[in-house]
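> Sequence:
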Amino acid sequence: MTFISLALIQMRCEKAAIDENIKEMRRYLDQAKDAKADIVYFPEMNITGYIDPQQHPQAVISRDHPAIRQAADLSREYHTTIIAGFVEENAAGKPFITQLVAQDGAVLGYYRKKTIKDEEAEWFSPGNDQPVFSHSGMKYGIAICADIDDENIFRELAHKGARLVIACAAPGLYGEQKARNWQEGYDWWRGECFGKLGKYAADQDLHIAVATQAGRTVDEDFPGGGYLFSPEGKCLAQSSDWKEGMLVVKMPLE
2 MTFISLALIQ MRCEKAAIDE NIKEMRRYLD QAKDAKADIV YFPEMNITGY
52 IDPQQHPQAV ISRDHPAIRQ AADLSREYHT TIIAGFVEEN AAGKPFITQL
102 VAQDGAVLGY YRKKTIKDEE AEWFSPGNDQ PVFSHSGMKY GIAICADIDD
152 ENIFRELAHK GARLVIACAA PGLYGEQKAR NWQEGYDWWR GECFGKLGKY
202 AADQDLHIAV ATQAGRTVDE DFPGGGYLFS PEGKCLAQSS DWKEGMLVVK
252 MPLE
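For the record, in the sequence shown the residue sitting at position 6 is 7 according to my numbering, with numbers rising by one throughout.
The reader is advised that the hints may include incorrect statements.
Listed below are the simulated SDA-like cross-link pairs for lysine to any residue, each with C-alpha atoms no more than 25 Å apart in a straight line [said to hold, decoys possible]:
hint	residue 1	residue 2
1	K251	S231
2	K235	V249
3	K235	G196
4	K95	G110
5	K37	F4
6	K140	F4
7	K161	A147
8	K161	K197
9	K24	Y111
10	K161	K95
11	K251	Y29
12	K251	D105
13	K200	E157
14	K34	K95
15	K16	E121
16	K251	D39
17	K37	G196
18	K115	G199
19	K235	D220
20	K24	S6
21	K251	A238
22	K115	H136
23	K161	E255
24	K95	H57
Derived DEER-like restraints, expressed as beta-carbon distance ranges [to be verified]:
hint	residue 1	residue 2	range
25	G162	Q59	36 to 44 Å
26	A93	K37	40 to 48 Å
27	Q56	K140	34 to 42 Å
28	W189	G138	35 to 43 Å
29	G234	K95	29 to 37 Å
30	N91	D150	16 to 24 Å
31	D242	R28	17 to 25 Å
Just so you know, these hints were derived from the structure itself, not from any lab.
Just so it is clear, the structure is predicted and the values come from calculations on it, not from any experiment.
Positions of the beta carbon are idealized from the N, C-alpha and C atoms, including for glycine.
Please put together the full structure from these sequences, using the hints given.
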C-alpha cells in the first residue's frame with residue numbers, strides 16, 4: 002500500500018510579524034524535510050498572524066505580496082507542497098481569511114474561509130468557493146477553523162471527490178493571559194475536533210487532518226493541537242499537548 006505523509010504544524014504565529022513568521026515556517030520545513038513529508042500545512046493566518054485588520058492594516062496583504070512569493074519559493078526549495086494562511090486584501094470590502102496551496106514554486110490556488118461569524122463578522126468577508134486540489138492523484142480540500150461548525154462544507158468537498166480535508170485553525174482562547182490554564186484550553190479545542198470532525202469524517206467517508214496555532218502572541222493565546230481522523234471517525238494520531246511542534250502522519254493513497 003502506498004501512503005502520503007502529512008506534516009501538521011502547531012506554530013506560534015506572532016501578530017503582524019510577517020518576516021518572523023516566514024522564518025519560523027522555514028524552521029518547520031527543515032524538520033518536515035527530514036521527515037520526508039509530502040504536504041506541510043500550517044495553521045490559519047500563520048503568515049500574518051491572527052490580526053484585527055483595522056489594528057494592523059499593514060499586515061493585510063494581497064496575493065502579489067512578497068510573502069506569498071516567498072511561500073511559493075519555499076515549496077520549490079523544499080520539494081514539498083505547502084499550505085499556509087494569511088489575511089487577504091479585498092478591494093471590494095473587508096479582507097478574507099485565506100489559505101494558499103503552493104507546489105513546485107507556484108501557487109496552485111487559494112481557499113477563502115466561508116464561515117465568518119461572531120467577532121470575525123466585524124473584520125472579515127466570507128469566501129464562496131470550495132476548490133479541490135490534487136496530490137499524487139489524491140483529491141483534497143481545505144477548511145478553516147469555524148468551518149468545523151458547518152458539515153455542509155465537508156459534505157461538498159466529499160461530493161467533489163476529496164478524500165482528505167485539511168483543517169487549519171487559530172481558535173483564540175478567552176480569558177486573561179496571565180491566568181491562562183493551557184491544559185483547559187487544549188482540552189476544549191481537542192473536544193471540538195473530536196466531537197465535530199470525527200463525526201464528519203465518518204459521515205462523509207473522509208480523512209480529516211488538523212493543524213492549529215499554538216502558544217502566546219502579543220495579546221492572545223492559542224491552544225495548539227494536531228489530529229488525523231479516519232473515515233471511520235477514529236483519531237489515528239494526535240499531538241500530545243498544547244505546545245508548538247510538528248505531528249507527522251501517514252494516510253493511504255488507495
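> All hints, please: hold or fail.
Now the hints, each set against the structure:
Simply put, K251 and S231 have alpha-carbon atoms about 11 Å apart, close enough for the 25 Å limit, and the pair holds. For the suggested pair K235 and V249, the alpha carbons sit about 17 Å apart, so the restraint of at most 25 Å is met. Between K235 and G196 the alpha-carbon distance is near 11 Å, which keeps this suggested pair within the 25 Å criterion. A C-alpha spacing of about 20 Å is found between K95 and G110, which places the hinted pair at or below 25 Å, so the restraint holds.
Between the alpha carbons of K37 and F4 the distance comes to roughly 12 Å, so the proposed pair stays at or under 25 Å and holds. Between K140 and F4 the CA atoms are separated by roughly 14 Å; this keeps the pair inside 25 Å, and the hint holds. At most 25 Å may separate the alpha-carbon atoms for a hinted pair to count; K161 and A147 meet this at roughly 21 Å. The straight-line distance between the Cα atoms of K161 and K197 is roughly 21 Å, inside the 25 Å bound, and the hint therefore holds.
Using a Cα cut-off of 25 Å, the hinted pair K24 and Y111 holds, with the two alpha carbons roughly 22 Å apart. Distance check on the hinted pair: K161 and K95 sit about 29 Å apart at the alpha-carbon level, beyond 25 Å; violated. Our distance criterion of 25 Å between C-alpha atoms is met by K251 and Y29, whose separation comes to about 18 Å. For the proposed pair K251 and D105, the alpha carbon gap of about 21 Å is at most 25 Å, so the pair holds.
A hinted pair counts as satisfied when its Cα atoms are at most 25 Å apart, and K200 with E157 qualifies at roughly 15 Å. Note on K34 and K95: the hinted pairing is violated, with a Cα-Cα distance of about 36 Å set against a maximum of 25 Å. A distance of roughly 16 Å separates the Cα atoms of K16 and E121; the hinted pair therefore holds under the 25 Å criterion. Pair hint K251 plus D39 holds up; C-alpha atoms about 10 Å apart against a cutoff of 25 Å.
Taken as a hint, the K37 and G196 pair is broken in the structure, with Cα atoms around 31 Å apart against an allowance of 25 Å. With a CA separation close to 20 Å, the supplied pair K115 and G199 stays within the 25 Å bound. A C-alpha spacing of about 35 Å is found between K235 and D220, which places the hinted pair above 25 Å, so the restraint is violated. A threshold of 25 Å between alpha carbons decides the hint, and for K24 with S6 the separation of about 23 Å falls inside it, so the pair holds.
Taking the CA atoms of K251 and A238, the gap is about 9 Å. The hint holds against a cut of 25 Å. Restraint check for K115 and H136: the C-alpha separation of about 23 Å stays at or below 25 Å, so the hint holds. Between K161 and E255, the direct Cα distance comes to roughly 17 Å. Compliance with the 25 Å bound is thereby established for this hinted pair. A distance of roughly 13 Å separates the Cα atoms of K95 and H57; the hinted pair therefore holds under the 25 Å criterion.
Distance hint for G162 and Q59: a CB-CB separation of about 39 Å, consistent with the stated range 36 to 44 Å. A93 and K37 have their C-beta atoms about 42 Å apart, which keeps the hinted 40 to 48 Å range intact. Take Q56 and K140: their Cβ atoms lie about 38 Å apart, and the range 34 to 42 Å holds. Under the hint 35 to 43 Å, the C-beta atoms of W189 and G138, about 37 Å apart, fit the expected range.
At about 35 Å, the beta-carbon gap between G234 and K95 stays in the expected band of 29 to 37 Å. For N91 and D150, the Cβ-Cβ distance of about 22 Å falls inside the hinted range of 16 to 24 Å, so the restraint holds. Checking the proposed 17 to 25 Å range against D242 and R28 shows it holds: the Cβ atoms sit about 19 Å from each other.
Checked against the numbered hints given earlier, this structure breaks hints 10, 14, 17 and 19; the rest are met.
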